Amino acid sequence: MDRTRLHHLLARESAEAERRNPRSKAACDRADHLFGRVPMTWMNKSAGALPRSPDSARGARLTDTDGHEYVDFCLGDTGAMAGHSPAPVAEAVARRYAELGGATAMLPTEDAEWVGAELTRRFGLARGASR
1 MDRTRLHHLL
11 ARESAEAERR
21 NPRSKAACDR
31 ADHLFGRVPM
41 TWMNKSAGAL
51 PRSPDSARGA
61 RLTDTDGHEY
71 VDFCLGDTGA
81 MAGHSPAPVA
91 EAVARRYAEL
101 GGATAMLPTE
111 DAEWVGAELT
121 RRFGLARGAS
131 R
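In my numbering, the protein residues as written are 1 to 131.
A hint or two may mislead.
As the list claims (entries may be wrong) - No farther apart than 20 angstroms at their CA atoms in a straight line, the calculated lysine to aspartate or glutamate pairs in the DMTMM-like style are these:
(1) LYS45 with GLU91
(2) LYS25 with ASP66
(3) LYS25 with ASP2
(4) LYS45 with ASP29
Calculated directly from the structure, the hints in this document are not laboratory data. Computed from a predicted model, the values in this text were never measured in an experiment.
Using the sequences plus the hints, can you model the full thing?
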């Protein structure tokens, strides 16, 4: 394996990625208050010269700030599990924030009880109710 050639190819591809993604590069360069310039340092291990800066995401597709569209295959840790911003979730969040308020009250809600009941139904979890 020619490591010199590998380093050359990596440098070439990294320069091309920076050229094709100037807005993502600028966002990364401005991220002075993030350790490693990313929310989680493992993001620096991603393929390419820099992490892409997302602009929008719907369903299984994500568009970065440079206008490149991607199919999101990160099924284990992103909204791609059920799609980014599915309409029922977006509507429920909008209703909670705009109409009902209290999204961060950290108190039990009817929605929380419904979720607990649904988890019990789906997975047979013990209820553990005690006071």
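Status of each hint after checking the structure:
Taken as a hint, the LYS45 and GLU91 pair is broken in the structure, with Cα atoms around 35 angstroms apart against an allowance of 20 angstroms. Our distance criterion of 20 angstroms between C-alpha atoms is met by LYS25 and ASP66, whose separation comes to about 10 angstroms. This hinted pair does not check out: LYS25 and ASP2 have alpha carbons roughly 29 angstroms apart, beyond 20 angstroms. Note on LYS45 and ASP29: the hinted pairing holds, with a Cα-Cα distance of about 17 angstroms set against a maximum of 20 angstroms.
When the structure is compared with the earlier hints, violations turn up for hints 1 and 3 and for no others.
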